[in-house]
Amino acid sequence: SQQGEEDPQALSIQEGENATMNCSYKTSINNLQWYRQNSGRGLVHLILIRSNEREKHSGRLRVTLDTSKKSSSLLITASRAADTASYFCATANQGGSEKLVFGKGTKLTVNP
Amino acid sequence: DTGVSQDPRHKITKRGQNVTFRCDPISEHNRLYWYRQTLGQGPEFLTYFQNEAQLEKSRLLSDRFSAERPKGSFSTLEIQRTEQGDSAMYLCASSQNRAGAYEQYFGPGTRLTVT
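Residue numbers (this note's numbering), protein chains in the order written: chain H, 1 to 112; chain W, 1 to 115.
The reader is advised that the hints may include incorrect statements.
Quick list of in silico lysine to any residue cross-link-like pairs, SDA-like style, CA-CA up to 20 Å [stated by the list, open to error]:
(1) H/K107 <-> W/K57
(2) H/K26 <-> W/P108
(3) H/K69 <-> W/E44
(4) H/K107 <-> W/P108
(5) W/K57 <-> H/G96
(6) H/K107 <-> W/H10
(7) H/K104 <-> W/S87
(8) H/K107 <-> W/G40
(9) H/K104 <-> W/K11
(10) H/K26 <-> W/L39
(11) H/K107 <-> W/E44
(12) H/K70 <-> W/E68
(13) H/K104 <-> W/Q54
(14) H/K107 <-> W/Q50
(15) W/K11 <-> H/K70
(16) W/K57 <-> H/L75
(17) W/K11 <-> W/K57
Listed next, with one range per pair, are the computed distances between beta-carbon atoms [to be verified]:
(18) W/R59 <-> H/R50: 27 to 37 Å
(19) W/N30 <-> H/Q94: 32 to 42 Å
(20) H/E15 <-> W/G16: 40 to 50 Å
(21) H/N111 <-> W/S62: 36 to 46 Å
(22) H/R50 <-> W/P70: 31 to 41 Å
(23) H/E15 <-> W/G85: 12 to 22 Å
(24) W/Q84 <-> H/P112: 48 to 58 Å
(25) H/Q94 <-> W/S62: 40 to 50 Å
(26) H/T27 <-> W/G16: 16 to 26 Å
(27) W/T20 <-> H/Q14: 43 to 53 Å
(28) H/G96 <-> W/T76: 19 to 29 Å
(29) H/A81 <-> W/E68: 17 to 27 Å
Simulated from the structure, these hints should not be mistaken for lab results. Here the structure is a predicted model, which is why all the values come from computation and not from measurement. The beta carbon of each residue, even a glycine, is placed where N, CA and C say it ideally should be.
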């Protein structure tokens, strides 16, 4: 079963604009990871945020985590056409396997 | 490139045939995970190994599926008597513990089509 729910399911913006994607989850987590997937390809790891962290940055990416609301957001600033992809959040449980539980993803289209 | 590799990238098989996929993880990673992804969905966990030990299997992994990781290096996923419902992308990921978290790195996947 899928734990995370990304919102929106699809997002279309112009190059240069910012894109914000949200993710909600249901159970306690050890960490939350964001991935990018280009059509029909494998997943590219973007960023990991631990349950005791509130915000992380990596280049044009900014991720926030609110464990009280069980939600996270991914902000891509100054988007480019190459950012067009599906973005997934995945939660890792506390202890044990740390298997990832994914949402259905947000399909981002950046128009040139 | 020392990332996760998977072979083959694509496999077309007829219903009832057996198929085997291979995953080569990042060399120093002790954990290896298998996931399955169908169209329009996020990946779903199948099983994982710590070194050579298979420590957890999802209920999605029916008795037609078997996975191995001999010597704690590469892993194979075999599907016996394939069914059309097995058509999916099979993804492998590897990781190691970094300050209490396992950041998982994925391979390119094997796309299976069962006709």
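query = Looking at the structure, which of the earlier hints fail to hold?
reply = 1, 2, 3, 6, 9, 10, 12, 13, 14, 15, 16, 17, 19, 23, 24, 25, 26, 29
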